[in-house]
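With the hints as extra help, turn the sequences into a complete structure.
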Amino acid sequence: MTDFSGTKGDFKTALTVGPAMYHREVNHGALIIATGALEYKPKEYLYGESDAVKTQVELEDILSREESRIKGWKNVVMIQCVGSRNQENPNCSRVCCQQAIKNAIAIKEINPDINIFILYRDIRTYGFLEDFYRKAREMGIHFLRYREDEEPTVEQEEGKIQITFKDLTLGREIKMSPDQLILSAGVVAGDTQELASILKVPLTSERFFLEAHVKLRPVDTQSDGIFICGMAHSPRLIDETISQALAASSRACTLISQDAIEVGGV
1 MTDFSGTKGD FKTALTVGPA MYHREVNHGA LIIATGALEY KPKEYLYGES DAVKTQVELE
61 DILSREESRI KGWKNVVMIQ CVGSRNQENP NCSRVCCQQA IKNAIAIKEI NPDINIFILY
121 RDIRTYGFLE DFYRKAREMG IHFLRYREDE EPTVEQEEGK IQITFKDLTL GREIKMSPDQ
181 LILSAGVVAG DTQELASILK VPLTSERFFL EAHVKLRPVD TQSDGIFICG MAHSPRLIDE
241 TISQALAASS RACTLISQDA IEVGGV
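Residue numbers (full-length UniProt numbering): 1 to 266.
Note that these hints are calculated values from the structure, not bench results. Mixed in with the good hints, there may be bad ones.
[Said to hold, decoys possible] What follows is a set of in silico ranges between Cβ atoms, one per label pair, in the way DEER data are often shown:
(1) I261 - T153: 57 to 63 Å
(2) E130 - G6: 28 to 34 Å
(3) G36 - T125: 18 to 24 Å
(4) T169 - S197: 46 to 52 Å
For every residue, glycine included, the Cβ atom is placed at its ideal position computed from N, Cα and C.
Shown next as structure tokens:
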């Protein structure tokens with residue numbers, strides 16, 4: 001998108017598309033922002049330095065392509081809240097706990113004898129997702145809690161990673177040397193500032209698009225005729241994204257289905 005003008009019911013958007021960067025203008029009555037978000041790329045815990053350190057998204061690729069590799073693992077550690085719920089990104093990314101538990105269960109089903117330890121600050125499996133948390137514990141997956149101000153440390157010794165952390169329940173320091181360390185990386189906004197500037201839609205301090213009113217107009221923006229949904233608005237699960245997308249499309253349909261639209265002076 002290179003340019004945007006007009007008012008609700010009569011917008012004009014300039015686009016540059018295709019390998020040849022073809023210029024095209026589109027007339028439309030409403031606009032829905034659904035730009036999604038990105039996985040945080042960790043700068044901590046030896047990510048990018050050791051092949052034994054992966055993110056949950058990278059683990060899912062191993063689960064789908066290299067199942068035999070998982071059968072050779074004996075110990076796996078997962079660390080939660082990597083790149084979220086901190087000073088730089090205070091958001092809870094919402095998807096991390098569910099993703100970690102889902103992947104831990106999948107690993108345990110492939111390799112029942114494996115030891116899986118999930119190091120967490122808080123587990124947030126709300127609603128019916130609590131059933132997966134219960135199933136994981138029944139399968140023997142271990143949940144070990146650490147304090148916010150005492151995050152785990154990860155070092156590499158003789159080609160193996162060593163994790164040190166203080167277990168909140170035991171009140172003592174624990175050291176582990178897993179075959180694989182999986183980081184539950186948070187969700188961060190993409191490059192939204194340029195698009196927000198073109199559309200004249202405000203952003204939150206974390207660079208997600210801001211709704212007009214959290215209760216009364218949750219999918220509207222401050223610009224009439226422009227709506228938001230999914231991770232363009234904030235981190236959320238897929239079912240929540242679908243519900244918000246339905247709400248945004250309903251609001252857009254309500255606008256463009258009118259025979260005439262009354263607008264204010266420019």
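Taking the hints in turn, this is what the structure says about them:
1. In this structure the hint that I261 and T153 lie 57 to 63 Å apart at CB holds, the actual value being about 59 Å.
2. The beta-carbon spacing between E130 and G6, approximately 47 Å, falls outside the hinted interval of 28 to 34 Å.
3. Roughly 23 Å separates the CB atoms of G36 and T125, a value that falls within the hinted 18 to 24 Å.
4. The given range of 46 to 52 Å is respected by T169 and S197, whose C-beta atoms sit roughly 48 Å from each other.
The structure shown violates just one earlier hint, number 2.
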